[in-house]
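What follows is each chain in one-letter form.
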Amino acid sequence: MKRIPVSTTINGDAVEFLCEPEETLLDVLRDRLGMTGSKEGCGTGDCGACSVTVDGRLVCSCLMLGAEAQGREIGTIEGVSDGERLHVLQSKLLEHAALQCGICTPGIVVAAKSLLERNPDPDETEVRYWLAGNLCRCTGYDKIVRAVLDAAQEIRKG
Amino acid sequence: MPLDSKHGFSPRQFKVVGERPLRPDGIDKVTGRARFGADAFAPGMLFGKVLRSPHAHARIRSIDTSKAEALPGVKAVVTRADFATDVEEGETANVLENVMAGEKALYEGHAVAAVAAVSNSIAKKALKLIEVDYEVLPHVTDVEKAMEPGAPVLHDHIFTEGVEPKPSSPSNVCQRIEVGHGDVEKGFAEADVIVEHSFKTEATHQGYIEPHACLANMSADGSGELWGCTQGHFMVRDTCAALLGIDVSRLRVTASEIGGGFGGKTTVFLEPTALALSRKAGKPVKLVMTREEVFLASGPTSSTAIHVKIGAKKDGSITAGFAELKYQGGAFPGSPVEMGAMAAFACYDLENVKCVGWDVVTNRPKQAAYRAPGAPMAAFAVESVVSELAGKLGIDPIDLRLKNAAKEGTKSSYGPTFGPIGLVETLEAAKAHPHYAKKLGPNQGRGVASGFWFNFGGQTCTSLNVNIDGTCTLSVGTPDIGGSRASMCMMAAEELGIPYDNVRAIVADTSSLGYNDVTDGSRVTFASGLATITAAREAKKKLCERAAAMWGIPVEAVEWVDGEARPAGPNAGEFEPLSIADIAAVAGNTGGPIAGHYEVSADGAGPSFATHIVDAEVDPDTGRVWVNGYTVVQDAGKAIHPAYVEGQFQGGAVQGIGWVLNECYMYNDKGKMENAGFLDYRIPVASDLPMIDTVIVEVPNPGHPYGVRGVGETSIVPPLAAVANAVSAAVGVRLTELPMSPPRVLKALEDKGLV
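From first to last, the protein sequence lines are chains S and R.
For the first sequence, this note's numbering begins at 1 and goes up steadily by one.
For the second sequence, this note's numbering begins at 159 and goes up steadily by one.
Don't read these hints as lab results, they were simulated from the structure.
The reader is advised that the hints may include incorrect statements.
[Stated by the list, open to error] Computed spacing ranges between beta-carbons, pair by pair:
#, chain 1, residue 1, chain 2, residue 2, range
1, S, Gln153, R, Asp777, 30 to 36 angstroms
2, S, Gln70, R, Lys173, 53 to 59 angstroms
3, S, Gly71, R, Thr243, 54 to 60 angstroms
Every residue, glycine too, gets a C-beta built ideally from N, C-alpha and C.
Start from the sequences and build out the full structure, keeping to the hints where you can.
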């Protein structure tokens, strides 16, 4: 099968890859680029475990073709922390014990970061609706919602 | 006490236990570095895919794999012929039959063949080239229909056990079981009020977010390695070895991080197939389920039909309890009906109690354990009836439960006599909780329910190695499914008197430790915790011995306090204390490495009880139910890491909410599942839910040094009934069928003439 050459930017780095026309961005990230932080929970855009940003928009990477990454700016979980320094959301999720198995956590981090970039002062309902596309089967969401609200407060304090 | 007294509970002040430190695997999980089942790659790796039956029930006349094998890029195709042929009848044979169909496909999604190819797309193409000649047979997916005479029979060799006389013809009813004591007929004769109802629950899936995945690598010398997500890698090793016909010692299994399980990863589905493909291809093979495959071909829990009858006197004392439980286990025997029957009335101190259970096969995927397997459905039925009884008697539902509650010394409905248990404490805490006094709004109802789970100990083997710098590495053999490494590190640090950060826990592979049972039965914090504490005590003893040798005094004159050896007693002499690091640094000169080990078949797990309070609001126009208040009160024995205990409470409650309101396996008339995806099989999302309040009760378990009881499973036992009681209160009609979806609730309102 003829492969498609793609030039893109991932977490600020220029990246080039070849992919098959049917491969999703998630397939490319995981299988071709070895970036396994984004997880495949459903492959149908229902669970949010593969959340990434594309030109700043929150996207399920399982619903986008790899070839569509051409010329875009992709943001993944691997780009959220800065070396040893965690993003405040990551620290707050840890502090609040807002993960159990942790498979949904990368998607939650990417999605919640996207929320806080749009609205640094969400209320509980907004957090719940924004994260409604990120399934978590372990926590019952209580601690996740608290962690995101706490992170928002921390960010607002500067 | 099941264990000798040195392992039993003794009260103490804790320094680390009961705190809420960050978990050791946390940073890897929030940054995406943690490697789960599908995150492993090997050089030269092939991609595997499984061909699955499109029919609910069909005889496999023949399979022709020649075209698939001829496709360029395909390196191996396997069918049942590539597995061991000498597997004995019984559970292992059932697992083999489930992993790869033999003569019949028993449910839609049953594996019939598999391929390994150089890419996913070639593997997918190859599946389409495999020709299977099916003779489609009549099917049955409903538990009660499967029990009827004349129902399509799945297995010619199943004759109902536990009935007299033994049936002369095969059926789908595998077994009748009975538990209880006393004389229920006499009890019902003494009752002033009797309430009885029939209930139905649908199958629900554990719904872990990580699909099953593994990477197998068999060598030409017949040995192999396997990486994958599982709740029990020792079980995976033993089962795979049996199914492939190889020695156990030749297989090394490493448990990846696990993205949820809840019981659904306590068996094998893909692993033997990946190994068979790898053996045939001579290359590593990765197999990952799609979400659709997870729904179709991994174990949901049973659907059930349950009848409950309870009698009581006017003062609320229950005179008799009876339940008949019918559970389907999918295509193979082994539904959790016995545990359902045992758990049904476990919350009550009853003179007369009887439960009859029926284990039934249907053309559905083989059920797997799901969090307190069997108990939530039984509790749904019993606790619904108990609450209705309270209404009929005009007694507060918590008071009625308190009046009849099981306590220390109660002969349980399933046999043993309870030791110290915390049911009464949970009921009292629930009654005193502000939630219980909150005023309800229009269309709202409040429900309460209690629940019980046995908990389990099991085979456990743990090693604690003291490193040269005085830090410790702890090897446990139980996969960490929800933060257990943190609690292991805490218990080791507590026992050694060193900082939490100085202990690092790993989940060791199957070649590095003795056998460990699966992470199930809420056993890990209890059993691996007990083994960790005991291993730390052994290490402490050795540290004291080394200190004694360094000082030249008898070991009896050394005591271990706050992470250091100190001379103690009148003849010890004057020495500066030796820290764990001081002793470890010179261990090579004083006798070699220092470690503690412990191996045990842990007993005395100590059951856990819970009481839940739920507020539900029903939209009278649509039948939509919102849960708008939820409080979990549960006995943890001792909460090692309270934040993760709360997390277990909250997670179990929410899974229960999904079970009551939304989730179910929907089958069409062809026996095919119609909602095999997260869009149509909708688990609760963040916007469906309120905050879940928690109260941790601590009645120490005498079978654990720190008093720990398992907590993971009990939390899903009460919510089905608690939510059902709240919804029934809100609509004014007793609802007896799950899920309580909007059409069903609306119909109940219409039938009652309420809308």
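Hint check:
no. : hint                                    : in the structure
1   : Gln153/S / Asp777/R: 30 to 36 angstroms : holds, 33 angstroms
2   : Gln70/S / Lys173/R: 53 to 59 angstroms  : holds, 57 angstroms
3   : Gly71/S / Thr243/R: 54 to 60 angstroms  : holds, 57 angstroms
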